[in-house]
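Numbering (the numbering used here), first residue to last: 9 to 162.
Keep in mind that the hints were calculated from the coordinates and are not lab data.
Accuracy of the hints is not assured; some may be wrong.
Straight-line C-alpha distance at most 25 Å; calculated DSS-like pairs for lysine-lysine [as the list claims (entries may be wrong)]:
1. 24 / 44
2. 24 / 85
3. 60 / 88
4. 23 / 122
5. 24 / 61
6. 139 / 63
7. 49 / 83
8. 62 / 23
9. 154 / 24
10. 30 / 44
11. 49 / 88
12. 63 / 24
13. 135 / 154
14. 83 / 70
15. 85 / 135
16. 35 / 63
17. 61 / 83
18. 135 / 88
19. 23 / 61
20. 73 / 154
21. 23 / 63
22. 60 / 106
23. 139 / 154
24. 135 / 35
25. 73 / 62
26. 62 / 24
27. 122 / 30
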Amino acid sequence: MDLIIMDLIENMQIKKIHTLEKIIVHKLNQQGWDLKWTGGKYEHYDAKGFTKKKKKCVIEIKFRKDYYIEKLLEKYKYEKLIELNDDIIKIYLVCDPKATYYFWLDNINLSEVKNINCPQTTLWDTKTISKEVYLLDEKLATYINKDLNFNNLI
Numbered sequence: 009m010d011l012i013i014m015d016l017i018e019n020m021q022i023k024k025i026h027t028l029e030k031i032i033v034h035k036l037n038q039q040g041w042d043l044k045w046t047g048g049k050y051e052h053y054d055a056k057g058f059t060k061k062k063k064k065c066v067i068e069i070k071f072r073k074d075y076y077i078e079k080l081l082e083k084y085k086y087e088k089l090i091e092l093n094d095d096i097i098k099i100y101l102v103c104d105p106k107a108t109y110y111f112w113l114d115n116i117n118l119s120e121v122k123n124i125n126c127p128q129t130t131l132w133d134t135k136t137i138s139k140e141v142y143l144l145d146e147k148l149a150t151y152i153n154k155d156l157n158f159n160n161l162i
């Protein structure tokens with residue numbers, strides 16, 4: 009089963025990533041959020057709307073085929089999110105094989121930037137480039153949903 013999942017992940021296309029993003033948005037909306045998927049446009053986030061507490065928010069969603077204690081966040085993405093108005097909650101959501109992790113970026117002080125070789129674009133890309141990133145320990149997550157993970161989305 010794991011080999012089948014790995015093959016599926018490696019052969020994913022952007023359309024499949026968008027489908028997974030829509031699933032996450034749908035599941036959050038079932039829990040009382042009021043989100044809209046941003047349509048795969050070149051925004052710096054994948055969903056926008058309101059939290060369960062009716063606070064404005066944007067969410068950047070990442071899917072990781074492997075589990076790591078530290079969750080990678082591109083410095084460029086972080087900076088674009090933080091530039092948004094102060095009344096908007098910026099959430100970084102990482103979905104990996106163990107769980108989905110919700111990071112409220114407004115509440116996290118990120119300072120140490122690392123350079124890491126990463127895929128140029130996303131899961132299916134085999135070309136790598138050096139990117140500036142922050143590594144977020146999963147302990148920094150505001151919420152961890154172990155019932156929602158990458159393996160049960162696909």
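Results of checking the hints against the structure:
| no. | hint | result |
| --- | --- | --- |
| 1 | 24 / 44 | holds (18 Å) |
| 2 | 24 / 85 | holds (21 Å) |
| 3 | 60 / 88 | holds (24 Å) |
| 4 | 23 / 122 | violated (30 Å) |
| 5 | 24 / 61 | violated (30 Å) |
| 6 | 139 / 63 | violated (32 Å) |
| 7 | 49 / 83 | holds (20 Å) |
| 8 | 62 / 23 | violated (30 Å) |
| 9 | 154 / 24 | holds (22 Å) |
| 10 | 30 / 44 | holds (9 Å) |
| 11 | 49 / 88 | holds (15 Å) |
| 12 | 63 / 24 | violated (29 Å) |
| 13 | 135 / 154 | violated (31 Å) |
| 14 | 83 / 70 | holds (14 Å) |
| 15 | 85 / 135 | holds (20 Å) |
| 16 | 35 / 63 | holds (18 Å) |
| 17 | 61 / 83 | violated (28 Å) |
| 18 | 135 / 88 | holds (24 Å) |
| 19 | 23 / 61 | violated (31 Å) |
| 20 | 73 / 154 | holds (15 Å) |
| 21 | 23 / 63 | violated (29 Å) |
| 22 | 60 / 106 | holds (24 Å) |
| 23 | 139 / 154 | violated (29 Å) |
| 24 | 135 / 35 | violated (32 Å) |
| 25 | 73 / 62 | violated (32 Å) |
| 26 | 62 / 24 | violated (29 Å) |
| 27 | 122 / 30 | violated (30 Å) |
When the structure is compared with the earlier hints, violations turn up for hints 4, 5, 6, 8, 12, 13, 17, 19, 21, 23, 24, 25, 26, 27 and for no others.
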